[in-house]
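S.K.: Residue strings, one per chain:
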Amino acid sequence: MLKFSDHIQFQDSSVPSLFSFQQKGREVCAHLTDLKTEAFKYTPIESVLTENYFKVSKNAHDHTHCDCEKKFLPFEAHEIHFCDGALHHHLHYIEGAECLSLEDAFADHETAPYLNKIDLDKFPLAALNTAYVQEGIFLRISKTPAKPIALIYNGKSAGFHNIRNFIILEKGVTAEIFELYQGNDEAYFINMVNEIFVAPDATLTHYLWQNDGKTAVHSSFNHVHVKENGHFNSFAFQTGSKLSRCETHVLLEQENATALVNGAYVIGSQTLADTTTDIEHLSAHTNSDQIVKGVMRDHAHGVFQGKILIKPGAVQTNGHQTHRALLLSDDAKVDVKPALEIYADDVKCSHGATSGALDEEQLFYLKSRGIAEDEAKKILTSAFLNEACEAISNQEIKAFFEKLSFQI
Amino acid sequence: MTYKKELLEIKNLHAGVEGKEIIKGLNLTINEGEVHAIMGPNGAGKSTLSHILTGKPGYVVSSGEILFHGKNLLDLKTEERALEGLFLMMQYPVEIEGVPMMTFLKYAMNAKRKYQGLEELDMSEFMKTVRKQASKLNISSEMLKRAINVGFSGGEKKRMETLQMALLNPDLAILDEADSGLDIDALKTVFLGINALLDGKKSLLIITHHDDLFEYVKPDFVHVFSDGKIIKSGDQTLAFTLEAKGYTDFINEAKC
Ligand SMILES: Nc1ncnc2c1ncn2[C@@H]1O[C@H](COP(=O)(O)OP(=O)(O)O)[C@@H](O)[C@H]1O
Ligand SMILES: [Mg+2]
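Chains as they are written, first to last, in my numbering: chain L, 32 to 439; chain C, 43 to 298.
Simulated from the structure, these hints should not be mistaken for lab results. Among the hints, a few may not be true.
What the hints assert, rightly or not - Below 25 Å or equal to it, Euclidean Cα-Cα: the simulated SDA-like pairs (lysine to any residue) are:
no., chain 1, residue 1, chain 2, residue 2
1, L, 429, C, 227
2, C, 260, C, 134
3, C, 187, L, 254
4, L, 409, C, 260
5, C, 154, L, 389
6, L, 408, C, 163
7, L, 434, C, 154
8, C, 156, L, 358
9, L, 408, C, 260
10, L, 434, C, 260
11, C, 119, L, 429
12, C, 119, L, 392
13, L, 429, C, 134
14, L, 429, C, 260
15, C, 187, L, 381
16, C, 154, L, 404
17, L, 429, C, 137
Source: prediction; values computed, not measured.
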């Protein structure tokens, strides 16, 4: 049993199919003794999770008096808000999409074809999420929406927040999902799982900004299936929380499926940000590319684990991966663990990693033109990060991240 | 004779890098409006001098004094020296991927304006000012769109440095081998461009090997630099003697 299991406060779902879903998670969790698996070698999530993260605080957030309904993003989007793991209010109507609460979706058996796709024995946090899932949405997009769909998660009270979303893109649809995580200084642990299904000829662009509160522990796990000629493009930016893990697992299941899994993180003080990717090329003619860039100040610790797996028969595939770290302090550190597992011929795979400090010559050049040291460092840092944003096709969202990378 | 105001005074300077003494007792005074040229062989310490004047990390002054506008230059940070009116046209301008030239120019110009207590330039004013100076130097708007010095030829880099000098309007510009690697046409564009900026108040410290550029910018003083100090000073004719004799002979004669 996990050391913190006794502290978890939870109510079983009254929807029978959701209850049995939770039970499956509970069974796996019963065998878990700790989270110290190889996958968490550099990210000591368990030692950070004290009982404070599982107690619901006395001054629990009052949903009837909160600002979570306000618009958070500076660009046009359908915003859907969560507060402490709960879906905040009734769902918007989104033209071309069906958007249900998790309970409604389970009650209507909408989720049935999409269940049990994650091997819970392999992913302990997904098992925990399944066992203790509170809420989530079921989003099926059948027509290209006019604007991005934003999912905004506000952490307002201490506690263990589990959200499970199902995001389904039907054939030929192009959609953008923007996830924003933010919160206050309460000790909350947000444990998120998205199950994403990209049908043939569909394109999902997924953006994530993890800006959780500085005491928060964050885990978001995106489990993505991509069918023939489907595209999954993502950009995850991590700047908040005390310890965070952003894990993306993509299954390129049919020919000409592609994945672009980019990311960046900017961290300081004692924080840790982990980017873990696992791209499985299951079919011939599949392509993946990744570029992740991290900036570390103070005693911050960056972790990048990137795996590319080419299954037998997945010939003529391309899988590339790059991680670059910028260490702005002698006390900052980065751990990088790339892994290529290739079981097919005629493939092109590569991984590369670099780490270093700011270029003194460049800094001197800017300062010699009268630019103050702090500003010069910001200019160079944001230029470093911008390479990871380059592929973002939505110009408004690209500008949003570029501005952010300068301010942080 | 009219009274000349001192702009830069270097007094008995000893300085070096990584524990090695490179500047060995240098004295030089540059007054407002004067053009000085330093000529000397490779490795004499000319670039080192320019780096010490601009405060590049790693360079250490062991003794001596440098005054700029009467202030102790060595007390100022690199960026403060720039804001006080010192500009270095670098021998090897660095490339900075990811920072557009225009963004960089805007930061630099606004830093100067802020220091002078002026408002930031608005976008259209800024664009107009840059375009006007750029066209004088044959700098296309395509070049201005690129990242700092990325993919520029030697001549383009030097024209870009000249543009920065024009926009930042320093009191003293140090030109470190601004002529090296330029063909005749580029040499003419750059130095006529620099000459056009001279207003009787602005001073130049030109570091060079050859007298070719003197066709476009006339030095008031020429100093022969060898082994970390000035061994002889004179007017422009000194440069011609130097070119005729070659550095080795000239320096050997001067030592006798
Ligand atoms: N960063 C450095 N570290 C060690 N030696 C240096 C460094 N910079 C310059 N030097 C040495 O100082 C001397 C003067 O170099 P420099 O100032 O570049 O000469 P110049 O510009 O006159 O050709 C040379 O011997 C050179 O090797
Ligand atoms: Mg030199």
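S.K.: Does residue 392(L) lie within 25 Å of residue 119(C) when you go C-alpha to C-alpha?
M.R.: holds (15 Å)
S.K.: Taking 25 Å as the top limit, are the C-alpha atoms of residue 187(C) and residue 381(L) close enough?
M.R.: violated (32 Å)
S.K.: Just to be careful, I want the Cα atoms of residue 408(L) and residue 260(C) compared with a cutoff of 25 Å; is the pair within it?
M.R.: violated (39 Å)
S.K.: Taking only the CA atoms, is the gap from residue 429(L) to residue 227(C) under or equal to 25 Å?
M.R.: violated (41 Å)
S.K.: Is the Cα-Cα distance between residue 429(L) and residue 137(C) 25 Å or less?
M.R.: Between residue 429(L) and residue 137(C) the Cα gap is close to 24 Å, so the pair holds against 25 Å.
S.K.: Taken at face value, is the distance from the CA of residue 404(L) to the CA of residue 154(C) at most 25 Å?
M.R.: Answer holds: residue 154(C) to residue 404(L) is near 14 Å, not above 25 Å.
S.K.: Just to be careful, I want the Cα atoms of residue 434(L) and residue 260(C) compared with a cutoff of 25 Å; is the pair within it?
M.R.: Roughly 47 Å separates the two Cα atoms, so the pair is violated.
S.K.: Can you confirm whether the C-alpha distance between residue 409(L) and residue 260(C) stays at or below 25 Å?
M.R.: violated (41 Å)
S.K.: For the pair supplied as a hint, residue 156(C) and residue 358(L), confirm whether the alpha-carbon distance does not exceed 25 Å.
M.R.: Violated. Residue 156(C) to residue 358(L) sits at ~30 Å, over the 25 Å cutoff.
S.K.: Can you confirm whether the C-alpha distance between residue 429(L) and residue 260(C) stays at or below 25 Å?
M.R.: With a Cα-Cα distance of about 50 Å, the restraint between residue 429(L) and residue 260(C) is violated, given a limit of 25 Å.
S.K.: Would you check the hint for residue 154(C) and residue 389(L), treating anything up to 25 Å between C-alpha atoms as holding?
M.R.: holds (24 Å)
S.K.: Check the hint pairing residue 187(C) with residue 254(L) against an upper bound of 25 Å on the C-alpha distance.
M.R.: This hinted pair is violated, its Cα atoms lying about 40 Å apart.
Going through the hint list in order, the structure does not satisfy hints 1, 3, 4, 8, 9, 10, 11, 13, 14, 15.
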